[in-house]
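Colleague: Chain by chain, the residues:
Number of protein chains: 2
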Amino acid sequence: MRLDPRDRGLAYGDGVFETLRITAAGEAPLWPRHLARLQAGLQALGIPAPAPSCLQGALASAIGALAGRQGVVKMTVTRGVGGRGYLPPSRVTPTLFVQHGDLPQWSRVQREQGIELGVCQTVLHPDLLAGYKHLNRLPQVQARREVARYGWDEGLLLSPRQQPLEATSMNLFVRFEDHWWTPDLARAGAGVAGVMRDVLQEKLVAQGMQVCSDLRPLSQLRHAEALFLCNSVVGVLPVRKLAQWHWPVTAELAALQAQAEQLFHQ
Amino acid sequence: MRLDPRDRGLAYGDGVFETLRITAAGEAPLWPRHLARLQAGLQALGIPAPAPSCLQGALASAIGALAGRQGVVKMTVTRGVGGRGYLPPSRVTPTLFVQHGDLPQWSRVQREQGIELGVCQTVLHPDLLAGYKHLNRLPQVQARREVARYGWDEGLLLSPRQQPLEATSMNLFVRFEDHWWTPDLARAGAGVAGVMRDVLQEKLVAQGMQVCSDLRPLSQLRHAEALFLCNSVVGVLPVRKLAQWHWPVTAELAALQAQAEQLFHQ
Chain S
652 MRLDPRDRGL
662 AYGDGVFETL
672 RITAAGEAPL
682 WPRHLARLQA
692 GLQALGIPAP
702 APSCLQGALA
712 SAIGALAGRQ
722 GVVKMTVTRG
732 VGGRGYLPPS
742 RVTPTLFVQH
752 GDLPQWSRVQ
762 REQGIELGVC
772 QTVLHPDLLA
782 GYKHLNRLPQ
792 VQARREVARY
802 GWDEGLLLSP
812 RQQPLEATSM
822 NLFVRFEDHW
832 WTPDLARAGA
842 GVAGVMRDVL
852 QEKLVAQGMQ
862 VCSDLRPLSQ
872 LRHAEALFLC
882 NSVVGVLPVR
892 KLAQWHWPVT
902 AELAALQAQA
912 EQLFHQ
Chain H
652 MRLDPRDRGL
662 AYGDGVFETL
672 RITAAGEAPL
682 WPRHLARLQA
692 GLQALGIPAP
702 APSCLQGALA
712 SAIGALAGRQ
722 GVVKMTVTRG
732 VGGRGYLPPS
742 RVTPTLFVQH
752 GDLPQWSRVQ
762 REQGIELGVC
772 QTVLHPDLLA
782 GYKHLNRLPQ
792 VQARREVARY
802 GWDEGLLLSP
812 RQQPLEATSM
822 NLFVRFEDHW
832 WTPDLARAGA
842 GVAGVMRDVL
852 QEKLVAQGMQ
862 VCSDLRPLSQ
872 LRHAEALFLC
882 NSVVGVLPVR
892 KLAQWHWPVT
902 AELAALQAQA
912 EQLFHQ
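Going line by line, the protein sequences match chains S and H. End of the first sequence = 917 in my numbering, gap-free, step of one. End of the second sequence = 917 in my numbering, gap-free, step of one.
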């Protein structure tokens, strides 16, 4: 498929996307959550959502193209072509397309011993469309360029007030003495509310853990006992190092990682 | 021309654009300024700029397609296809494409008697790539939807601190008793530094006027004697009304409008 260069997805980033992990059995276990976020994003943008059956059909076709391999499917919906400048057309025909690809390559060592995280200079400013996975992703691109420049594995994005918010493509969880913590992205008005973040938050709560969500200064990480990043493709990725701090991959963290992975091997 | 759906311009808004007004003689009088902003934006994003001769060739071809009509040419440069997620590929092949179209339709009445401006609820947050004309334009799309919803002609975007910054696709100039004022977008870290804004600022200064650029609260507009919006396609558009305030189209403003228009009739 080729795209009309007048598509508003290209002109303004006027659309949303989802990246789903597909199992070897050809299933997308977190599809209902991805679908819900996709629909919420489209509603926030005032783009009519394609019928769920239509989205499901597109997903099935991309899964078919993976031919029994594990992989990812990326689904994009834009406002389509038209309008006068920034003004959307009165009748919108959204563009829907799917792409498929391999799982991102994180090594066994990185998954088992943890990755090195750096603090990006790129700041995550509040965003009126925070939480949604829209196509305006230049802050993430700029931050990811910093990660490459400094040779980190991933980069931590802070708020203008120096509060950790998330990594370029993953959410953050931190273990403190008697609770887990994940940044309150809704209150920050920034970041992407990750599907895996929700899943893990629910899992931790179901296991009797306290999960706090608020905004804390970067310096609080010196009291952390363990850190991990997560997203719906990679699952759980322990962090072993950030600036002068080092953390172990605790048994609790390894167990959580295994649980996340188990979602895709049922 | 059709576009690869994997283009990073679509995936992340990873690129920049310029919209140029073309005269009936097939000229783009402000091309050097547009070219400079395009190159500066590409540099900020770390995208290698196509050679000026290449950009000029694309421009000439789009002008040719206008076949002697006045119109606009839109030039877009993206980082092209590739990379791993947000990470740009190590070797970038930018995508360049041009589109042409008619001049936007502002009526003679709107141009002579002024337009009605509304204050958008969409706030313009600071942006690390402020000033550049990148492809992350969802705030402008959302603001433009407000303009349509309320039946205004254009919408004024404020900073989080309620300071006027710019309209959805135009910059703002305000006449106070003894000087002109235009918001200091660099200090706000937000907005697009318009080509026509630069031209008019230089013209006013050359005519002995004082042009102040700083940040002021919205309430200061109650002391304004005249207001106008501008961009490099429409030129100067007087504002006759904003909320409870009304302004005349002064002789000075009409003269400035004529001077801006003259740029495209030489």
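Just to be clear, a hint being listed does not mean it is correct.
Because identical chains cannot be distinguished in the list, a pair is counted as satisfied if it fits within a single copy or across any two copies.
List time: in silico SDA-like cross-link candidates among lysine to any residue, alpha-carbon distance up to 20 Å [claimed, not checked]:
1. Lys892 / Ala844
2. Lys725 / Asp655
3. Lys725 / Gln871
4. Lys725 / Gly736
5. Lys725 / Glu797
These are calculated hints, taken from the structure and not from any lab test.
Colleague: Run every hint past the structure and note whether it holds.
Modeller: Each hint, compared with the structure:
In the homo-oligomer, the alpha carbons of lysine 892 and alanine 844 never lie at most 20 Å apart, since the shortest distance is 24 Å inside one protomer and 40 Å across protomers. In this assembly of identical chains, the alpha carbons of lysine 725 and aspartate 655 lie at most 20 Å apart whether taken from the same copy (19 Å) or from different copies (15 Å). In this assembly of identical chains, the alpha carbons of lysine 725 and glutamine 871 never lie at most 20 Å apart, being 35 Å within a copy and 48 Å across copies at closest. For the identical chains of this complex, lysine 725 and glycine 736 are inter-copy neighbours only, at 11 Å across copies versus 27 Å inside a copy, given an alpha-carbon limit of 20 Å.
Neither within a single protomer nor between protomers do lysine 725 and glutamate 797 lie at most 20 Å apart by alpha-carbon distance, with minima of 24 Å and 30 Å respectively.
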